[in-house]
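Using the sequences plus the hints, can you model the full thing?
Each residue of the sequence shown is one higher than the one before, starting from 52 at the first, in the numbering used here.
These aren't lab readings, by the way, just hints derived from the structure by calculation.
What you are looking at is a predicted structure, and each value in this text was computed from that prediction instead of being measured.
Among these hints, one or two may not hold up.
If you anchor each label on the Cβ, the simulated ranges turn out as follows [stated by the list, open to error]: (1) S373 x P295: 25 to 31 Å; (2) N395 x P300: 23 to 29 Å; (3) A298 x P87: 42 to 48 Å.
A virtual CB, placed ideally from N, CA and C, is assigned to each residue, including glycine.
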Amino acid sequence: MIARRIGAGFAALAVVVLGAGPCLAASSPWTRLSAPPSGDDAFLLSVSADSNTDVWAVGAIDKSGAQGPLIDHWNGTSWSQSAAPSYPSGETTTFDGVSASSTSNVWAAGYYNVSRYDYYPTTALWNGSTWTIKPAAQCETGGAAVSSDLLGVAAVSPAEAFAVGECVSQDAGYVEQWNGATWTMATLPTPISPSLGTSLSSISADSATDVWAVGEYPVQATANTERYEPYSLHYNGTAWSVVPMPATPGTDNQLVYEFQAIDAISPSNVWAVGESGDDVGVGGAPTATIVEHYNGTAWSVVSSPTVGTSPYLTGVTATSASNVWAVGYDVPSGSTTLQTFTMNWNGSAWTTESSPDTGTASLLAGASTTSGGANVWAAGYSTTSSSYNPLILQAAG
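This is the structure:
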């Protein structure tokens, strides 16, 4: 299972907030592992574990001034760089999501662009030996493709996969489905008038008949009073339906719940995590974490700890109903440095867990494990004064 969402644009944020890195408490459950490459402006945005000896992480790397896809693989002993598929020269490519259902069925999803404002979704499939680009379905207006990207992917089987993205020019979240041969756009319901737009940030599948996506929509479109509310979509194997999530409390129209990740553990156990705060969806900094749980009937807000001044939760994963992990990053009080941030659910409460940092700033962008797995994985990147570097953390499941 895999759930995560963080944009490549967050790399710029890491550059801005540099400083002395925080120290790691000795009691941390996490161990930092070396992942390639180093010193090449490379970062990881998603991770997916098919087994304890088959884990994939994806992101992007600077290649002679052009950004290309980065794929790393864990074989049970070490991380190595996998040969990514080749995109035409001049295209900037980033993989934002990865999902593995077996050793020979792994999907990576993201975007490529040939100019500043023209970018399009892309997917690649690992068949056990090589990565192959598979054309993604594209958003269209009047029969012409318009800018869009994919933020996450969920692999179920060779004949079934799902990807979530956003048609930027249409201000609309979308889902596409793989049938074993092609990607096609799914028909989605909207939680409110389509003219107000929607956004989808993450997707997770427990099976081909239990698929979840999470996002948000504006309740109002008036300047300075635009209020965003969260919502989720569920696929039962036949059709998608809107599943409401608790509304943002209070009367502050700038207060927003923004979910970054979702993990479908079972039909009666689904977690979504993110952050909340004034204008957090349009450039404002969050002030609190937000966690919600679906019990098979309805979503409810679950109390979660908040640390630092700008906490983000970007990934969530579980080995069991009583061992759930959420990861992200925050800025400690009195500091301007990004540091990793992790939490654990023990079946009754969320608690913070110390996690390693390296370089001048560190953040985590996603998490993954397998049901009953021996290891929990978190992926992201750190910065130095001259480059970005992949960051991989491992904890005992």
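Each hint tested on the structure:
1. S373 x P295: 25 to 31 Å: 27 Å, holds
2. N395 x P300: 23 to 29 Å: 26 Å, holds
3. A298 x P87: 42 to 48 Å: At 44 Å between Cβs, range holds.
The earlier numbered hints are all upheld by this structure, with none contradicted.
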